[in-house]
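**Student:** Residues per chain are reported as follows:
Protein chains: 2
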Amino acid sequence: MQRINYPQPTEWEEILKRPTQTVSDIEEIVNSIFKEVQAEGDTVIKKYTAQFDKVSLESLLVNDAEIDNASNSVSDALKQAITLAKSNIEKFHAAQKTSKVEVETMPGVECWQEKRPIQKVGLYIPGGTAPLFSTILMLAIPATLAGCKEIVLCSPPDKNGEINPAILYTAQLCGVTQIFKVGGIQAIAGMTFGTESIPKVYKIFGPGNQYVTVAKQLATQYNVAIDMPAGPSELLVVADDSANAAFVASDLLSQAEHGVDSQVILVSTSEKLVKAVEKEIENQIQLLSREEIAGKSIGNSKLILVKNDQEALDLINEYGPEHFIVCVENEGFYLENIQNAGSVFIGNYTPESAGDYASGTNHTLPTNGYAKQYSGVNLDSFMKSMTFQKISKKGIKGIGTAIELMAEAEGLQAHKNAVTLRLKSLK
Amino acid sequence: MQRINYPQPTEWEEILKRPTQTVSDIEEIVNSIFKEVQAEGDTVIKKYTAQFDKVSLESLLVNDAEIDNASNSVSDALKQAITLAKSNIEKFHAAQKTSKVEVETMPGVECWQEKRPIQKVGLYIPGGTAPLFSTILMLAIPATLAGCKEIVLCSPPDKNGEINPAILYTAQLCGVTQIFKVGGIQAIAGMTFGTESIPKVYKIFGPGNQYVTVAKQLATQYNVAIDMPAGPSELLVVADDSANAAFVASDLLSQAEHGVDSQVILVSTSEKLVKAVEKEIENQIQLLSREEIAGKSIGNSKLILVKNDQEALDLINEYGPEHFIVCVENEGFYLENIQNAGSVFIGNYTPESAGDYASGTNHTLPTNGYAKQYSGVNLDSFMKSMTFQKISKKGIKGIGTAIELMAEAEGLQAHKNAVTLRLKSLK
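Chains A and B are the protein sequences, given in the same order. So for the first sequence, this note's numbering puts the first residue at 128; every next one is plus one. So for the second sequence, this note's numbering puts the first residue at 128; every next one is plus one.
If you're looking for bench data, these hints aren't it; they were derived computationally from the structure. Treat the hints with caution; some may be incorrect.
Any copy, or any two copies together, can satisfy a pair, since identical chains are not distinguished.
Unchecked claim - Below 25 Å or equal to it, Euclidean Cα-Cα: the simulated DSS-like pairs (lysine-lysine) are:
| hint | residue 1 | residue 2 |
| --- | --- | --- |
| 1 | K554 | K181 |
| 2 | K218 | K521 |
| 3 | K242 | K423 |
| 4 | K406 | K551 |
| 5 | K551 | K206 |
| 6 | K174 | K327 |
| 7 | K242 | K227 |
| 8 | K517 | K213 |
| 9 | K213 | K162 |
| 10 | K521 | K242 |
| 11 | K520 | K213 |
| 12 | K206 | K524 |
| 13 | K247 | K218 |
| 14 | K429 | K247 |
| 15 | K224 | K242 |
| 16 | K144 | K247 |
| 17 | K206 | K144 |
| 18 | K213 | K242 |
| 19 | K286 | K521 |
| 20 | K227 | K247 |
| 21 | K162 | K429 |
| 22 | K406 | K286 |
| 23 | K554 | K406 |
| 24 | K517 | K554 |
| 25 | K144 | K327 |
| 26 | K144 | K173 |
| 27 | K218 | K242 |
As the structure is a computational prediction, the values presented were derived from the model and not from experiment.
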């Protein structure tokens, strides 16, 4: 890890640079698969499933028997853990429901705002060795709470044409309406255009490799929305001598094992703590099964010593971390003043992995500095707000002249006329 | 206007097609101006201002004297109208404030969600003959209510290097912190990268021509968010014999005068009403100053006769109109079941222009079918939600095993270890 002592604010930009991804070279392949799927549907999807996932499928849709089998092969202990996580995530997301906002802005001018569910959503869950069933909890639970009618899930099949049982089990438990054995670019294209088997959706959620990321970006050019722009995962910890160095090291490593491009940063006013954490990382990393991955991303990562809490805060707000752990005596200062962070974890007994799995908060969060302007996934991500207004005769009499004057000043005579006609009829 | 009687649902897709825009040919120029502004800042902005707006500027920033002068040249009547609109818009958007959502999901596991303002936002206001000061009300009022620190506005100067007084007056009235005389692609590029004079912002709002639209799309590739994808404005009216045909015609025309690519649609179960509205349009259009524009978009527009309310509703939800006027006896049916619409206007005395200017609702709304998945601009558009969690010793004991099991099942050992270490320390 790089140790950086008391950097000048002018150096922050360079120090806080994230590992960059180049995607322009894969845009072409994504574009061409999209065009093929748009024109030929399932046939093309099956062709690419054979090519990339090495399996020929008759049906893309997972059937009830497959879901029942999957349910039987998940251990009871894991089922209990998933049930506990589901309960917490449900509680926290259900509490985010907002009621109708209703205001009579002037006598006879009633305005209100209501949220209604996005009717059709698509969830993408990557395959590979780590079956990310936790991400299904994070996406399908709020989708179901929001009232989305169709909740479609795509995940790539393995060489035997199967999807990991934990994924199937969690999907049916959380209200997913259809599961498809489709991965990668072809899955995103399928949900964008719709095919003979896969429904077209209005918004696509979920993580993925760089191909999926570019495909989601391209989907936005075809009237589909996405949850947020993607980037490598990241964690910033601010800690002082009140922090347990072993715990801090374990949190930094838990983020580092995600991928070689993950980034972890420790910010501290205490040189003693920085040194202790560095030593703990050296010890703990040797015991990890994903030591090689964690080692590489730890190599990119930084231990930054700063003068005081204000400087630490300014640097953190400049960075805008996806995950932000606060382990300091003066925690109130950070909680009150943090402006840019996806999710905040407070104190020695709040590991980031609690939020990744089971505490109740969502783990789909803005990376790459997007915490400055994007929310993490929440209940509202599956709804849209609509406004309504109803104006009475009295109302239009009260507000009409103002509208006429403003429309005229903007040179929009027909806008004015729509009011004038009504006012005349009431004379 | 095209009259379409009792179309089959299979024909809806074709009937409801929006006028399309091709933008690929202007992407190249947008890309190249972005690269130049990124590299050379103000110098390039001034170069393009000279080229496109035909004026050489010393300073891009509007100064206090210019704002004072502008204020003096806006009529008192217009000021009063703007003040009334501001008051209504403030009331409706202030009511959208949400409080902290706090849940103890399990004993010792406290989770909460808070919204914090996006620190730096940019507003784009087009120039030309129609000074859209009303859009400043719609963007700067919620930005100020949200607590955004920097609210930057860019609008192109005229040949004399000036911005319309109504724009300057409204901007200062609504809390804009800096106003720049910059338009088009170079304005969006300036707010994306920041220059010597223009601050870099985190999110850009506001309408514009196709160059601005493409520039906003490109900005999203440089870590900037935008309000929503843009498209031509549109209105759908559902009306029966309880509607006033002259009022309906005036609303359709008020939308049609926006631009030649605007789209207006009337859906009705009453042939009598359809014919009456058609006749009213023919009469009213002759009196409009923007008759030529309105005539062209009316040419693209449709009068659709349907069998019953259910069919009307299904067709409307399939279309997802930006503006939706409901003028029917059975209005409750539509209000309850409309799923996809930007803003809904109810009854004979609620012209769409009320919402465009002064009733209190926002006029920045999803077009092009995006009402299926996007909200119109509202208070939350200027904030992001962050989550927080604090787990006690008791809390981690209660939740720890579930996290360990799930992390293990996902093959993420370091995630598990972060919990195991803490649980061990508590034995």
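**Student:** For the identical chains here, do K517 and K213 meet the 25 Å Cα criterion within one copy, between copies, both, or neither?
**Tutor:** Only across copies: K517 and K213 sit 19 Å apart there, 41 Å inside one copy, limit 25 Å.
**Student:** One pair to classify: K213 and K162, alpha carbons no more than 25 Å apart. Within, between, both, or neither?
**Tutor:** Neither way: K213 and K162 sit 38 Å apart in one copy and 47 Å across, limit 25 Å.
**Student:** When Cα atoms must be at most 25 Å apart, do K554 and K406 count as within-copy, between-copy, both, or neither?
**Tutor:** So K554 and K406 pass the 25 Å test across copies only (24 Å; inside, 84 Å).
**Student:** For K520 and K213, with the copy left unspecified, which applies at a CA distance of at most 25 Å: within, between, both, or neither?
**Tutor:** between (50 Å within a copy, 21 Å between copies)
**Student:** State whether the alpha carbon distance between K551 and K206 is at most 25 Å within one copy, between copies, both, or neither.
**Tutor:** Between copies only: 24 Å across chains, 68 Å inside a chain, cut-off 25 Å.
**Student:** Please work out whether the CA atoms of K144 and K173 approach to 25 Å or closer within one copy, between two copies, in both situations, or in neither?
**Tutor:** The answer is neither: 40 Å in one copy and 30 Å across copies each exceed 25 Å.
**Student:** As a check of your reading, is K213 near K242 (CA-CA no more than 25 Å) within one copy, between copies, both or neither?
**Tutor:** For K213 and K242, both the intra-copy (24 Å) and inter-copy (24 Å) Cα distances are at most 25 Å.
**Student:** Measure nothing new, just compare the shortest in-copy and cross-copy C-alpha distances for K406 and K286 to 25 Å and report within, between, both or neither.
**Tutor:** neither (42 Å within a copy, 66 Å between copies)
**Student:** How do K162 and K429 come out at 25 Å by Cα distance, when the copy is not named: within, between, both, or neither?
**Tutor:** For K162 and K429, neither the intra-copy (43 Å) nor the inter-copy (31 Å) Cα distance is at most 25 Å.
**Student:** Please sort K247 with K218 into within, between, both or neither, judging by C-alpha distance up to 25 Å.
**Tutor:** within (23 Å within a copy, 33 Å between copies)
**Student:** Is the C-alpha distance from K174 to K327 at most 25 Å within one copy, between copies, in both cases, or in neither?
**Tutor:** So K174 and K327 pass the 25 Å test inside one copy only (19 Å; across, 45 Å).
**Student:** Measure nothing new, just compare the shortest in-copy and cross-copy C-alpha distances for K517 and K554 to 25 Å and report within, between, both or neither.
**Tutor:** Intra 20 Å, inter 63 Å, cutoff 25 Å: intra-copy only.
Comparing the model with each earlier hint shows violations of hints 1, 3, 9, 10, 14, 17, 19, 21, 22, 26; every other hint is respected.
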